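For the protein sequence lines, the chains are A and B, in the order given.
Residue numbers for the first sequence follow this note's numbering, so the first one is 1 and each next one is one higher.
Residue numbers for the second sequence follow this note's numbering, so the first one is 235 and each next one is one higher.
It should be emphasised that the hints constitute simulated quantities derived from the structure, not laboratory data.
Heads up, a few of these hints could be off.
Unchecked claim - Just so you have them, the derived chain B footprint on chain A, three or more residues with Cβ under 8 Å:
1) 62-74
2) 88-102
3) 177-185
Said to hold, decoys possible - Distance windows between CB atoms, simulated:
4) Lys92/A <-> Leu419/B: 32 to 40 Å
5) Glu220/A <-> Arg452/B: 17 to 25 Å
6) Ala218/A <-> Leu419/B: 55 to 63 Å
7) Lys92/A <-> Ala514/B: 22 to 30 Å
8) Gly8/A <-> Arg329/B: 27 to 35 Å
9) Pro333/B <-> Glu220/A: 57 to 65 Å
Model, not experiment: these values are computed from the prediction.
Glycine included, C-beta positions come from ideal geometry on N, C-alpha and C.
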Amino acid sequence: MALLDLSGVTAAYDRTPVLRDVDLSVDQGEIVGVMGKNGVGKSTLLKTVVGLLAPRSGTVSYHGEDVTDLAADERARRGIGYIPQGRDVFPKLTVEQNVRMGETINEGCDEYLHDTVYEYFPVLAERADQSAGTLSGGEQQMLAIARALVANPDLLLLDEPSEGIQPSIVDQISEDMRAINDDLGTTILFVEQNLGVIRSMADRCYAMERGEVVDELAGEALADEGTIAGYLAV
Amino acid sequence: MVNGLNLAFQFLDSFAFIVLAAAGLAIIFGIMGVINLAHGEFILVGAYATTLAVTGLSVPLPVAMLVGAVVTAAFGLVVERTVISGAVPNRLWARLEPPLSATLPDQAAALLPGTPLVEPLYDRLADSMVATFGLSLVMVQGARIVFGNSIDQVATPLGELSYGAFSYSAYRVVLAGVSVAVLALVYYVFAYTDYGMRARAVIQDDRTARAMGVDTERTYAATFAFGSGLAGFTGALFAPLVSMQPTLGGQFLVEAFVAVVVGGASVVVGTVLSAGVLGAVEASVTNYFDSQTFGRIALLLAAILALRFLPGGITGYIERLRTRRREDR
Numbered sequence: 001m002a003l004l005d006l007s008g009v010t011a012a013y014d015r016t017p018v019l020r021d022v023d024l025s026v027d028q029g030e031i032v033g034v035m036g037k038n039g040v041g042k043s044t045l046l047k048t049v050v051g052l053l054a055p056r057s058g059t060v061s062y063h064g065e066d067v068t069d070l071a072a073d074e075r076a077r078r079g080i081g082y083i084p085q086g087r088d089v090f091p092k093l094t095v096e097q098n099v100r101m102g103e104t105i106n107e108g109c110d111e112y113l114h115d116t117v118y119e120y121f122p123v124l125a126e127r128a129d130q131s132a133g134t135l136s137g138g139e140q141q142m143l144a145i146a147r148a149l150v151a152n153p154d155l156l157l158l159d160e161p162s163e164g165i166q167p168s169i170v171d172q173i174s175e176d177m178r179a180i181n182d183d184l185g186t187t188i189l190f191v192e193q194n195l196g197v198i199r200s201m202a203d204r205c206y207a208m209e210r211g212e213v214v215d216e217l218a219g220e221a222l223a224d225e226g227t228i229a230g231y232l233a234v
Numbered sequence: 235m236v237n238g239l240n241l242a243f244q245f246l247d248s249f250a251f252i253v254l255a256a257a258g259l260a261i262i263f264g265i266m267g268v269i270n271l272a273h274g275e276f277i278l279v280g281a282y283a284t285t286l287a288v289t290g291l292s293v294p295l296p297v298a299m300l301v302g303a304v305v306t307a308a309f310g311l312v313v314e315r316t317v318i319s320g321a322v323p324n325r326l327w328a329r330l331e332p333p334l335s336a337t338l339p340d341q342a343a344a345l346l347p348g349t350p351l352v353e354p355l356y357d358r359l360a361d362s363m364v365a366t367f368g369l370s371l372v373m374v375q376g377a378r379i380v381f382g383n384s385i386d387q388v389a390t391p392l393g394e395l396s397y398g399a400f401s402y403s404a405y406r407v408v409l410a411g412v413s414v415a416v417l418a419l420v421y422y423v424f425a426y427t428d429y430g431m432r433a434r435a436v437i438q439d440d441r442t443a444r445a446m447g448v449d450t451e452r453t454y455a456a457t458f459a460f461g462s463g464l465a466g467f468t469g470a471l472f473a474p475l476v477s478m479q480p481t482l483g484g485q486f487l488v489e490a491f492v493a494v495v496v497g498g499a500s501v502v503v504g505t506v507l508s509a510g511v512l513g514a515v516e517a518s519v520t521n522y523f524d525s526q527t528f529g530r531i532a533l534l535l536a537a538i539l540a541l542r543f544l545p546g547g548i549t550g551y552i553e554r555l556r557t558r559r560r561e562d563r
């Protein structure tokens with residue numbers, strides 16, 4: 001049984017359709033990418049999974065249960081972690097307070113994870129008392145990951161982790177995500193248009209165009225730079 | 235000497251009044267983006283509940299004041315669920331609409347409003363003002379119908395402080411101390427408690443907070459109840475000092491409104507600074523002309539000037555300075 005299953009999901013902002021009849025599934029322990037150019041509906045897709053946007057039709061199931069009508073905070077409590085595009089850390093809270101915001105979900109959770117996230121991102125431990133708005137883009141991305149991870153999610157959703165971040169940090173973040181997947185068994189679904197990130201992170205990848213899933217790549221096809229570049233080219 | 239003492243006490247008096255009048259309003263505005271024009275009537279609820287607990291039930295005054303705060307917080311919670319968030323009417327309508335549209339002929343059923351019936355008033359400044367203004371009218375008239383044009387007042391406790399020709403109500407000095415304690419409480423709640431952290435996260439980005447598992451509805455409801463409770467506490471504290479009539483909230487609303495606008499979006503710092511500045515202006519002018527009227531005129535003029543030159547309020551100005559300094563580095 002898939003951990004996450006979208007079937008026939010259609011979504012729209014007002015009258016403008018953004019997702020058309022999307023089918024997608026993610027198995028336990030996988031890292032799955034969704035690639036496509038700007039405006040093909042990648043972020044919207046994640047929002048329907050998180051619960052920040054209600055689909056017009058279709059169903060979202062998680063752990064085999066239909067969660068289409070559940071509010072975002074309820075889905076978060078069931079183990080869906082979300083790292084929004086542009087990070088969206090709480091700028092006026094300190095780094096530590098941001099991390100503790102993530103912890104509000106699983107109250108009375110083990111201190112173990114709290115320390116673990118700081119081990120993945122030691123730079124955050126150094127800046128624990130600084131307000132999050134003063135961090136660099138890469139550090140904010142790490143903080144957003146830490147904030148989601150500390151809630152011990154089964155499924156982690158990343159919206160364009162590479163956007164606006166310098167290349168060396170992007171590589172490091174891709175490595176960190178693979179390590180988190182290996183160590184903690186966290187399933188990851190991410191959307192990206194950075195070719196390097198897709199190739200280094202994804203086990204499997206969907207390609208989107210104009211709100212539709214048009215292709216699914218794995219193994220050989222995913223290793224072929226030309227194929228991927230085709231879906232990302234302007 | 236006496237004049238200096240007078241000035242100092244007048245300042246304390248103005249400061250305490252402005253802080254206590256503004257605290258509840260500032261929290262509700264700062265966190266929920268709701269301007270509660272019924273704020274004065276929430277103070278009325280606290281004042282009446284306290285007074286009636288003392289005169290009707292012979293409860294000791296300090297206990298009655300806590301009763302006043304709790305009753306107003308509960309009242310605030312009801313208002314939040316019905317008027318501000320619309321959760322109650324929405325739930326009722328969701329239950330009522332299907333059977334109603336089934337019994338009506340199709341054409342009439344098509345005219346029924348859909349669900350949800352109303353949208354929450356969060357972050358809708360003008361709409362929230364209209365709705366709460368209506369609520370304030372209902373509350374003033376409601377109080378008049380139920381309790382008449384005035385009710386018996388409780389006596390001012392604690393007697394007078396005197397020094398030569400100078401004498402002053404000791405209770406008003408205590409109020410100044412309480413106003414500082416209220417500020418400390420608000421600061422503590424928002425800086426150090428889990429609720430405070432969630433509330434600040436919700437102001438900064440409520441969608442992300444929801445995706446972090448924060449029940450934003452509950453946070454808003456708790457915030458409104460907390461702000462209402464503070465308003466009720468203010469009413470309780472001033473119950474021995476102001477005349478107990480249904481319109482007593484008006485005098486608080488003006489000062490509170492001005493203080494919040496001058497202070498800007500930051501709840502504690504903004505309220506302290508604007509109460510300090512406005513209190514100093516009001517006290518000096520009142521003292522110089524020996525007239526409360528001139529003091530109030532000066533206070534409103536100071537507010538107009540502040541808004542002309544600091545459109546984001548004092549804390550908005552501080553925030554701008556900080557940003558500029560960071561960019562310079």
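Verdict for lysine 92/A, alanine 514/B (Cβ pair) under range 22 to 30 Å: holds, 29 Å
Outcome for the supplied range 32 to 40 Å, where the beta carbon pair is lysine 92/A and leucine 419/B: violated, 20 Å
Hint check for glutamate 220/A and proline 333/B - Cβ pair distance inside 57 to 65 Å: Check passed, 59 Å falls within 57 to 65 Å.
Check of the stretch 88-102 of chain A against chain B for coverage (Cβ-Cβ below 8 Å, three residues minimum): Satisfied; 9 residues make the cut.
Outcome for the supplied range 17 to 25 Å, where the beta carbon pair is glutamate 220/A and arginine 452/B: Since glutamate 220/A and arginine 452/B have Cβ atoms about 50 Å apart, the given range 17 to 25 Å is violated.
Chain B covers the stretch 62-74 of chain A, three or more CB atoms within 8 Å, holds or violated: Since three or more residues must qualify, the claim that chain B covers the stretch 62-74 of chain A holds, with 3 doing so at under 8 Å.
Per-stretch coverage check for the stretch 177-185 of chain A, three Cβ contacts closer than 8 Å to chain B: violated (count 0)
Distance restraint hint 27 to 35 Å, applied to the beta-carbon atoms of glycine 8/A and arginine 329/B: holds, 30 Å
Range hint compliance [Cβ, alanine 218/A to leucine 419/B, 55 to 63 Å]: Cβ of alanine 218/A to Cβ of leucine 419/B: about 58 Å, so the range 55 to 63 Å holds.
Going down the numbered hints, you'll see the structure goes against 3, 4, 5, while the others check out.
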